[in-house]
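Using full-length UniProt numbering, you'd call the opening residue of the sequence shown number 1 and step up by one each time.
Check the hints yourself; a few may be wrong.
[Stated by the list, open to error] Below, computed lysine to any residue pairings styled on SDA-like, alpha-carbon distance capped at 20 Å: (1) Lys309 with Glu358; (2) Lys378 with Arg406; (3) Lys92 with Asp125; (4) Lys302 with Thr263; (5) Lys237 with Ile104; (6) Lys92 with Met257; (7) Lys302 with Arg269; (8) Lys302 with Pro267; (9) Lys378 with Glu358; (10) Lys98 with Ala222; (11) Lys92 with Glu121; (12) Lys109 with Asp266; (13) Lys109 with Gln85; (14) Lys217 with Ala136; (15) Lys378 with Pro324; (16) Lys361 with Leu410.
Simulated from the structure, these hints should not be mistaken for laboratory data.
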Amino acid sequence: MCPHPSQCNKTSASRGTCTPPGPGYLKLSFHSIVFLLLVSAAGCSDHTGSHKNAAGMPNVAAVTPVVRTDLVSTLNIASEFEPYQQVDVHAKVAGYVKRIDVDIGDAVKEGQVLAVLEVPELEEDLARAHAAVLRARERIRLVSSNIRRAEAIARQAALTYQRMYSVNQTTPNLVAQQEVDLAQSQADATAAELSSREAAALVAEQELAEAQAEELKARTLADYATIRAPFAGIVTKRYADTGAMVPQGIQSSQQAMPVVRITQVDPLRLSFPVPESLVPLVHPDTPVTVHVPSLNRTFEGKIWRFTGKASDVTRTMETQLLVPNPRFELKPGMLASVEFVLARRDRSLAIPVEAVDEDGKESTVLVVGPDGKVEERKPKLGIRSPDRYEVISGLEENELVIVAGRSAFLPGQTVQTRTVSFDDPPAEGGH
1 MCPHPSQCNK
11 TSASRGTCTP
21 PGPGYLKLSF
31 HSIVFLLLVS
41 AAGCSDHTGS
51 HKNAAGMPNV
61 AAVTPVVRTD
71 LVSTLNIASE
81 FEPYQQVDVH
91 AKVAGYVKRI
101 DVDIGDAVKE
111 GQVLAVLEVP
121 ELEEDLARAH
131 AAVLRARERI
141 RLVSSNIRRA
151 EAIARQAALT
161 YQRMYSVNQT
171 TPNLVAQQEV
181 DLAQSQADAT
191 AAELSSREAA
201 ALVAEQELAE
211 AQAEELKART
221 LADYATIRAP
231 FAGIVTKRYA
241 DTGAMVPQGI
251 QSSQQAMPVV
261 RITQVDPLRL
271 SFPVPESLVP
281 LVHPDTPVTV
291 HVPSLNRTFE
301 GKIWRFTGKA
311 SDVTRTMETQ
321 LLVPNPRFEL
331 KPGMLASVEF
341 VLARRDRSLA
351 IPVEAVDEDG
361 KESTVLVVGP
371 DGKVEERKPK
381 LGIRSPDRYE
391 VISGLEENEL
401 VIVAGRSAFL
411 PGQTVQTRTV
421 SFDDPPAEGG
431 H
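Starting from the given sequences, assemble the full structure and let the hints guide the process.
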């Protein structure tokens with residue numbers, strides 16, 4: 001059937017041939033050219049199965065030369081953005097929500113107040129603990145005053161005894177021995193009283209330390225009534241409202257109710273499964289290319305972390321990139337494609353993937369020789385880029401390979417060739 005029936009010469013059409021429009025009629029892409037060539041080859045051939053058209057001319061084959069080019073073999077893996085960290089914030093003490101200062105979508109800083117609970121018993125405990133500290137300090141003040149008084153009495157008693165003793169040594173019997181003994185006894189008694197006061201001071205200091213520890217504990221528990229953000233992030237869920245009873249977070253999961261959920265979105269983790277066969281290629285700082293379809297955005301990244309073990313179930317290894325997100329453009333849950341470079345070849349012989357038949361056990365191509373004869377080859381192929389195969393052996397540079405409609409051509413067949421380019425972009429335009 002003629003691809004341009006409106007332009008066809010009626011006499012020619014009756015013979016199974018057609019006259020195509022002039023070269024300026026329409027500019028076609030590579031795939032359009034290949035399609036038209038195949039239609040011409042199939043529709044303009046006779047019905048006897050010969051390899052020539054009705055005019056006795058060989059069929060036309062779309063060919064391209066074997067060229068040298070740089071090849072990059074890549075693999076694209078579906079991935080998903082995840083929060084750097086995320087937590088449901090629970091109350092450390094049970095109480096009623098006095099106020100809640102944030103809602104979903106709010107950006108919070110580390111330590112920012114999220115909510116305040118009303119816990120009267122904690123305030124009472126704190127007041128009692130503070131009063132105990134004040135009492136302990138007053139006790140220390142009194143003990144210290146008693147120590148100073150005891151020190152003065154002890155010094156005076158010791159001085160009196162020393163004087164009597166010295167006088168009695170210098171002038172015997174000037175002071176009655178009974179008075180000397182009494183002075184010594186008073187000095188010993190006042191010294192013992194001083195030691196007792198000092199011991200009481202140590203006990204008072206210990207009691208003060210215990211009271212301060214209890215006050216610190218009570219103050220810490222009271223501070224738990226103020227719920228703060230553990231890290232900077234976004235409030236992505238709100239569970240409680242003003243007046244709600246919030247249980248203590250250490251209770252069982254069935255009873256514990258969080259207040260809000262905080263999600264850190266700068267940076268984000270980009271997680272993806274690496275197939276077991278590619279695990280040896282994964283190393284820290286391995287470069288990859290990331291494409292985010294929803295934002296039509298592509299950027300370069302590096303491997304950040306990986307588990308180091310392939311899953312027994314999926315036979316893949318979880319791998320992550322760390323993606324800065326200062327403007328919060330990327331959202332957790334967004335999908336992305338991670339492109340791995342598997343291999344590179346510089347200035348390697350290459351043919352289009354359309355030229356290769358992979359239906360059988362071996363890959364084959366059809367080569368058109370200088371005499372127009374079709375020959376089947378089984379080249380040794382290497383890496384594959386999105387549109388080309390590397391040729392290791394079996395083909396030479398500039399040899400012509402058929403790139404479409406292989407079923408229309410057989411080895412030994414004589415054909416005409418029309419070269420198509422895989423390097424030039426499709427032409428734009430019309431009539």
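* Hints breached by this structure -> 1, 4 and 15
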